[in-house]
Every structure is written in structure tokens, then in C-alpha cells.
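Following the hints, position chain A against chain R.
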Amino acid sequence: MGMSLKELQRSFYNSVFRKNKKNDVELNESVEPAMDLESDQLVNIYRESILGGLTEALVQIYPVCAKLVGEVFFSNMVVGYMREYPSGSPDLADYGYDFSNYVATFEPAMELVYLADVATLEWGWHRAFNAEDVSSSEVSALASLTEVPENKQGDICFVLTPSGYLLRSAYPVHKIWNINQTDFAVEKEGDDCVNLNEGPVNLIVWRNSEFGMRIDVLSDDEYVFLEAISEGKSFAEIATLSCAPKLSELLGRCMQTGLLVGFNLTQRNV
Amino acid sequence: MNKTQWTPTGEVSGAGLGLRSNHYQHILDSKPDVPWFELLSDNYMSGGGLPIARAEAIRDLYPVTLHGVGMSLGSIDPLNLEYMKRLKLLVDRLEPVYVSDHIAWVSVDGKYTHDLLPLPYTLESKQVVVDRISQAQELLGRQILVENPSSYLAFNFSDMDEQVFLTEVVAESGCGILLDVNNVYVSSMNHGFSAEAYLMGLPKERVKEIHLAGYEQKGSYLFDTHGHRVHQPVWELYQKTLELFGAVPTLVEWDTDVPEFEVLQGEAQKAQFYLDKAR
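Quick mapping for you: the protein sequence lines, in order, are chains R and A. No gaps in the numbering here: position 146 of the first sequence is 397 in my numbering, and each next residue is one more. No gaps in the numbering here: position 72 of the second sequence is 98 in my numbering, and each next residue is one more.
So here's chain R without its partners, still in its complex pose (with noise of 0.2 Å):
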């Protein structure tokens, strides 16, 4: 009698990311030395392809993280995030959503300030790839706005596109991003030079009607104004906010871009 399947999945699991990389022994002992090797080496081999695997998918989202502390060192990190933060979906893709939350306590990578920030960025250009398209069904079209009457205006919710991701740091991390691609050219003298001290951007991450990538640098009254409609604050809700005064300029601005994608109508508490 052997072990449960559930024992099993269980051992193997833990054996896999377990720090000492040491297996149980009723696992050692249900694997059958083949191979030249021993049962423990037998299960290193599905544990560096695993942890291989993994560092390779961390490695294609982080691809800035990545060269910014060099193969070696993000290997290193990318071993702690995995062990200690497990994926918890069977779509890859969704591996990882946690990570600058690990690299900005990671000990060894603290005097790069900016570097959790910049994963942040990372992540928020993979989501926006990856993000669902517009759909056309689920919101009114923008240019039904003017057959709203003026006594529903303030319940209208507008919609964000799907893709959009919205971020705030203290550095200048899209400079950062942008001269680390491998597409990037010095134009003029500096471009290649970022200044940490030129103070905090707001940026969104968004993906445009023709599948093109932007990363867009936003006043904070863009930022607020995108951020309450991201989280789903009608209008009149908006209008109280520090970006009122420019309401109607955003707005026209970010309908242009193609950032607001439609609108809907909420019901007012009463």
C-alpha cells in the first residue's frame, strides 16, 4: 500500500518548494531509484523544471526587472517570490500579479528604490496586453452621451478601457522602462540619463483600438479623475473631487484618446 494520492500531490508539492529541498522520506521511499540516480535526484529533476519554468514566465513579464539587477541576481529573487507566494490559477498568465509586492521587500535589491516600481510597471503592461477587448454590449456608446437627460446626467458611470492601469510612483519608472527596451535610441545628449529626483509621475498602462502599447504620463488631475472612474464613481460622484474644476477638459480629452470606452447609467441612492 502506497501513499494516498493526496498524500503524494501534497509531498511532492512541498518537497518541490521547500527550502532545504529536502523530499519526505515516505516520498523517497514511493520513487524508484532509476537512472544512476537516487529518488530525491529523480524528483530535482521536475523541481528545476518547474522552478525553471516559472523563472522563465517571471523572466518574459519582467523582462526590465530582469536586466536591471542581471540574470543571476533576479533568478536568485524570483526563488524566494516562488516559494513564498504560490500561483494560484492555472492561466500562467496570472502569475505574478504579487511580485513588486516581494521585490520591495526583498533585502538584497532595497538600494534600487525604484525597482518594485518598476515591476509594478511591468505587470501592468503585461495585464494591459493581455487584457479582453472592448466590448460594444456591455456599455452604452459615447455618442448616445447627448440623448441622456440633464436630470440623469450626474448618474452617469463612464467605463474605463479594459486595458487601462493605473500607477503612481515616486520615480521616474517609465524613463526607466523605456531606456531599457531593446528598441531604444539615444536621440539627443541625456536621453539615456534618468534623474531620480525629478519628483512622482502618474501613469496609465493602456492598449489603444489597434492592439498599440502605450505608456501615458498623466496630470494628477487625469489620474484622479481616470482613478474614481476605475472605480466606478458616477459623475455627480466626480464632480466633488479635486479634478472638478477641469471636468469638462478631461473629459473631451480622454473620449478622444479612446481611454473611456462608454458609459453607464447607476441608479441614485435615494
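Don't read these hints as lab results, they were simulated from the structure. It is possible that part of the hints are untrue.
[As the list claims (entries may be wrong)] Chain A is faced by these chain R residues, among others (derived, beta-carbon under 7 Å):
1. 283
2. 284
3. 341
4. 343
[Said to hold, decoys possible] Simulated restraints, written as ranges between beta carbons of each label pair:
5. R:358 - A:229: 53 to 59 Å
6. R:467 - A:55: 49 to 55 Å
7. R:265 - A:55: 45 to 51 Å
8. A:230 - R:265: 21 to 27 Å
9. R:515 - A:283: 45 to 51 Å
10. A:47 - R:284: 38 to 44 Å
11. A:285 - R:273: 57 to 63 Å
12. A:283 - R:498: 52 to 58 Å
13. A:79 - R:487: 35 to 41 Å
14. R:437 - A:55: 27 to 33 Å
[Unchecked claim] Derived pair list, reagent style DSS-like, types lysine-lysine, alpha-carbon separation capped at 27 Å:
15. R:257 - A:111
16. R:270 - A:244
17. A:266 - A:244
Predicted model, so just to flag it, every value in this text is computed and none were measured. Beta carbons are placed, not taken as given, at the ideal position from N, Cα and C, and that holds for glycine.
Same frame as chain R, now just chain A:
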């Protein structure tokens, strides 16, 4: 026995190729003479963006099949219904001739390794796999194919050989077999069993698709990397496979260090040569 007999949704024939992202544009521009493409379902699960748009454009030109690793059919975990829902949407959208996954487990307690891990071939495992396949087929409303794995270890408390396990799973669930000839070769060399005896143990009428790929010698064992041309011993085993099962549609896979499209096409043409001989 399975309650539902699934009828095939269509047909592919000849030697197809696994679709890889660096070949999208070439295929759309030059429309190469390839009978069908296999798409990795896990690359399109988000349902949006350029990858799925290109996949749809290629589906408009060629028959396609869908192949994935996410069902985790051998896991003690229940099927992930959210994943199955997304897969169903993808199947409805791309209308593949076949949908396939593996005889393996990928997850436990909701934690995913994203790798194909080995099962002990026991009655307990068989029931788990049969139940998962049956449920997957009900959810997708169609037959699925399951692929034999490459393996690097065997459990000493298995009750049966892999081909017996596979044959019984197929009989009890009503699924079909995606026979990976490279995997049979790799596992036979690693575990020292007869690849031919393995093939002869499988139910001929259930082998719907064949996979070919390249392995790598790693010290004392063979590892299934999908990063090389198909090796000569695998071509030889492939010819024996065709003698046994007939001209089953065959797919050449290449996943790591993917070369120029013409290299893949050359491998598919070689498979086509053997398929023509087997007709």
C-alpha cells in the same frame, strides 16, 4: 463506463504544426502550405488582445486544434471551473477540431506548478482522472483527447503499466488519445520498457492525433524539451506507430529556442512523407 458517447466535431489530416507567436506574421503574410495548426490554449485564456486576434485570423485560414496544460486532470483538486469556463469560451470562439490536455497533475490544494507531474498508476489515480475527464467533457460538450506524458520517475506502488492505465482511462471516460511518440520514446528509455509493447497495448480506434518533438540527453536520462528537431529513433518509432494505427494526423511541436518557420515546416514535411507512405 462513460454515459456519454461523444461524436467527433470535425477532422484534420496530414502533418500540422504547433503555432508559436514568433511565426504569426509570417503565416498571415505568406499563408504557407500547412494542413492545420495546433494552438496552445493557455496562451489565449485572457480572451483579448493581439494574440487571440491573430489566432482568429489564422483559424480563418486553417483548421486548428487546441492543446493545453491547465486542466490538471490527475489532481486531487476538483476541476477549476473558472478555467473550464474560460476554456469553453475559447473553444466556442476558435472552433477547434480537437481539444487536448495531459495525463498528469499540475496543481494541489489550489496551488499550481504549471508543469506536468507524474501520477502513480493506481486504481485511485485512474478514478480521479476518469472523473475529471468526464466532467471536462460534459462542461465543454465534446470529447477531449489526453496525451501520454514524458516521465522521469516512477512510483513503486503503481498497480499497472502506463499503457494499461491510459487504455482503461480512455475506455471509462470516452475520451480519445493524443499519442506523443516522443514521450513514449523518452519514457521507455528512462524507465527501460519496450516502446513497441507500449504502443501495441493501446486501443487503435482511440488514437486521434500524434505529437512529435525533440528531446535532450541530460546525463543519464532523456528530457522532453521540445527544443530540437525530432531525433532519428523517434522517427523510427513514428513509422512503427503509423504501421499500427494508420495515417493519424500528426503535429510537430517546438517550444524552446523556436527556429525559423521553415525549419518547423521541414519537420512537418518529413512527417507528411511517412504519413503518405502509411496510407
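Each hint, compared with the structure:
Of the supplied interface hints, the one on residue 283 of chain R holds, with its beta-carbon coming within about 5 Å of a beta-carbon of chain A, less than 7 Å. Annotation: residue 284 of chain R was flagged as interfacial toward chain A, and the flag is violated, the nearest CB pair being 9 Å apart, outside 7 Å. Evaluation of the residue 341 of chain R hint against chain A yields a held restraint, the C-beta minimum of about 4 Å falling below 7 Å. At a threshold of 7 Å, the smallest CB-CB gap from residue 343 of chain R to chain A is about 5 Å, leaving the interface hint in force.
For residue 358 of chain R and residue 229 of chain A, the Cβ-Cβ distance of about 57 Å falls inside the hinted range of 53 to 59 Å, so the restraint holds. Under the hint 49 to 55 Å, the C-beta atoms of residue 467 of chain R and residue 55 of chain A, about 31 Å apart, miss the expected range. For residue 265 of chain R and residue 55 of chain A, the Cβ-Cβ distance of about 49 Å falls inside the hinted range of 45 to 51 Å, so the restraint holds. In this structure the hint that residue 230 of chain A and residue 265 of chain R lie 21 to 27 Å apart at CB is violated, the actual value being about 41 Å.
With their beta carbons about 48 Å apart, residue 515 of chain R and residue 283 of chain A fall inside the hinted range of 45 to 51 Å. The supplied range of 38 to 44 Å is met by residue 47 of chain A and residue 284 of chain R, whose beta-carbon atoms lie about 40 Å from each other. Look at residue 285 of chain A against residue 273 of chain R: about 40 Å separates their beta carbons, and that is not inside 57 to 63 Å. Remark: the range hint 52 to 58 Å for residue 283 of chain A to residue 498 of chain R is upheld by a beta-carbon distance near 53 Å.
A hinted range of 35 to 41 Å holds for the C-beta pair residue 79 of chain A and residue 487 of chain R, which are about 37 Å apart. At roughly 32 Å, the beta-carbon separation of residue 437 of chain R and residue 55 of chain A lies within the given 27 to 33 Å, and the hint holds. For the hint linking residue 257 of chain R to residue 111 of chain A, the alpha-carbon distance of about 25 Å falls within 27 Å, and the restraint holds. Only pairs whose Cα atoms come within 27 Å are accepted, and residue 270 of chain R paired with residue 244 of chain A is accepted, the gap being roughly 24 Å.
For the given pair, residue 266 of chain A sits about 26 Å from residue 244 of chain A by alpha-carbon distance, which is consistent with the 27 Å threshold.
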